[in-house]
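For chain A, the structure is supplied; the task is to place chain B on it using the hints.
Taken in order, these protein sequences are the chains called A and B. For the first sequence, the numbering used here gives the first residue as 302, with consecutive numbering after it. For the second sequence, the numbering used here gives the first residue as 52, with consecutive numbering after it.
There's no promise every hint is true.
Said to hold, decoys possible - FRET-style restraints, in silico, Cβ to Cβ:
hint : chain 1 : residue 1 : chain 2 : residue 2 : range
1    : B       : Ser156    : A       : Arg426    : 45 to 53 Å
2    : B       : Lys308    : A       : Arg638    : 25 to 33 Å
3    : A       : Leu481    : B       : Arg304    : 51 to 59 Å
4    : B       : Arg334    : A       : Gly720    : 53 to 61 Å
5    : B       : Ser156    : A       : Asn470    : 24 to 32 Å
6    : A       : Ser385    : B       : Arg188    : 37 to 45 Å
7    : A       : Ser305    : B       : Gln191    : 43 to 51 Å
No wet-lab data here; the hints were simulated from the structure. We put the beta carbon where it would ideally sit given N, CA and C, even for glycine.
If you want the building blocks of each chain, they are given just below.
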Amino acid sequence: MFDSLSDRIQRVFKELRGEGHLTEFHVDQALKEIRTALLEADVHLDVVKEFTGTVREKAVGQEVLTALSPAQQVLKVVQAELTSLLGGAAQPLNLKRRPTVVLLVGLQGSGKTTTAAKLALHLKRNLNKQVLLVPADTFRPAATEQLRTLAKENALMCFDPKTETKALNRVRAAVKDAKLFGYDVAIVDTAGRMHVDDELMDEVAEIKSLADPDEILFVADSMTGQDAVNSAKAFSNRLPLTGVILTKTDGDARGGAALSLARVVGKPVKFIGVGEKVKDLEVFHPDRAASRILGLGDVLTLIEKVSQETDRKQALQMAEKLRKNEFTLLDLRDQMRQMRKLGSFSSLLGHLPKVGPLKELSNIDIPEDATKRLEAMIDSMTPAEREDPRIIDGSRKKRIALGSGTTVPEINQLLRQFGTMKKMMKGAPRMRF
Amino acid sequence: MSTDTPQKKGLLAKLKRGLFMTHTELISRVGGAIKTKLGPDPRALEALEEALIAADVGPATALELVSAVKAAVKDEAGRKGQEDIDLVKNVLKAEIERRLTASTSPPAVPAGVPKVLLMVGVNGTGKTTTTAKLAARASQSGQTVLLAAADTFRAAAIDQLQVWGDRLGITVIKHRPGADPAAVVHDACTAARNRKADCVFVDTAGRLQTKTNLMEELAKIRRIAGREIPGAPHEVLLVLDAVIGLNGLSQAREFTKSAGVTGLVLTKMDGTAKGGVILAIVRELQIPVKYIGVGETVEDLLDFDARAFAEAVVDG
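This is chain A alone, in the form it adopts within the complex:
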């Protein structure tokens, strides 16, 4: 998400950068480009108009600061405005009450059920909360089954509605259960509904009155176009929304809906769904997103990701092995697995600034497949071979290639690279951690 919007906007600033002196004309030209870039990213027209208006006012009327070039000055204004448009700093969920009730609402197909499970896992893993999932979608066939299956697969608790077919009754019983059994949070997955469907909008309003939720999150598809504003407005007229969860951001949508929604709902995007797996939910940081859109990088998220997914103890063990030069092919495989947990290389590199010395780096794309093939080769070796690859002769190579679905030249390449690595380590001075 945001990648191509980011590219477009950076081009505008590259052109501005050449100007030593910024006139109103230059600002207008740049804003025209930004307007098109935002519209193509599906930001709502009214939001675009307001945004360019504010930026123009601030950029043109600003006093000239000698420390900044004119282009940098405009960039600063745009960054500040983008951040405020996206909702400022990240806002955590309000989990003070016990049980806290979280209501997920939205259109059909926006991803509520998957998000309910993702949010539950997030709260359990990162905040150590006891979470009860509540299936309140009684319309879509098998929606209850879906939530229960997701819960079972991820060791989460799901309320069993038995034969109850009324959403309202399910929520009433589930909240009672949550109180009785001391859950910290109850996440209610409601049915998807069209904002023009009065009957169903009444139902969700009733659920809200009954459940008295602390958080009402509007779940929206990041690929939504101009209509994001209409549905969000309608939902926020009926329910006091407290935030937005944006789903499917791992596609190539330009993410304009994020800007429109935050503006219209007047509440920030709190989480984004970043993949198909239940663990693929991230806290959304508006300030960092703004900086990413402008190509200034988001190193903070990268650091958090690395520290979340890597095990410190394991890292130290590995360092010790490297020092003693006891690093084997098996260790190499484990390292690659750890790297893979972080996501694809290109998604990691997306966090780096696209201006300055790291610019070239962000163009590198290492296919995920490559590491998988290396893993397969190592997996097809015998323990003895992994311990001492020198014993791998021609016939062993053929066997490994067959077993891993690769070719002998690929295995030669792996062994050569591993040999070079070992040699380099020998020469390396003692590393300190």
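Same frame as chain A, now just chain B:
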């Protein structure tokens, strides 16, 4: 197109009603733009452009449509005494209809083999519901129909299709969750041949068009279907959610590349979304829109008609 049969008339009325609901806002805006005295009035043209952008046609297409209107208004000889408002409406209708008329149609199904239809799309567009609706239509018209539950990934997707199968009295060919979808398609094709079924509707898992490996899975499903039944899949329908913005174009491009899309289905047109991105999609890829969904029931899936759509968009 003949509108004299009562059934067709009913459908058209429904189409208009469905679109009227979704296009109220657009029509009021365009209507306002047209009613302004055009000279051509730059403010009216701007309002028109904005109305089109708000319908998700995208800034580029919006500009092209506005240019066409501008040119027509200037052309005194070509207007043949039409009032401004009629002229603008006619230009827009003609332009929209032209853009929505595709040059390709799916290849004919060889005689004596079951027709295989593959439903594809990103997550949450309504593939399973649309699959069920299409199967119900075919079954109601007297055809022998099979459903194939090839979404083995999403939790309870198989159950969801089975519920539809039970409701409609249609056999569902299924495997266990997590099974190879191509294997499900293989079995469905074999079953269709053995039972001499008329058509098989294959519901696949939703996938984002950027996931290379999942897109390759579709190519594999195609291969397997083609090996079992000559020419299969005979139709590949890309299901698009009307709320989709300009990302719809990227979806259409990628799915066409991997899955060989032959037609589009635009769902959830009963909200306020306009799905204007189909103008750009049909124009670039020359793939026709086949159906639009305007509600939850089986009857709410309508045949698409470019002219009726254009008229509904512009006239209301």
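(message) Of all the hints numbered above, which does this structure not satisfy? Sort the numbers upward.
(response) 5, 6
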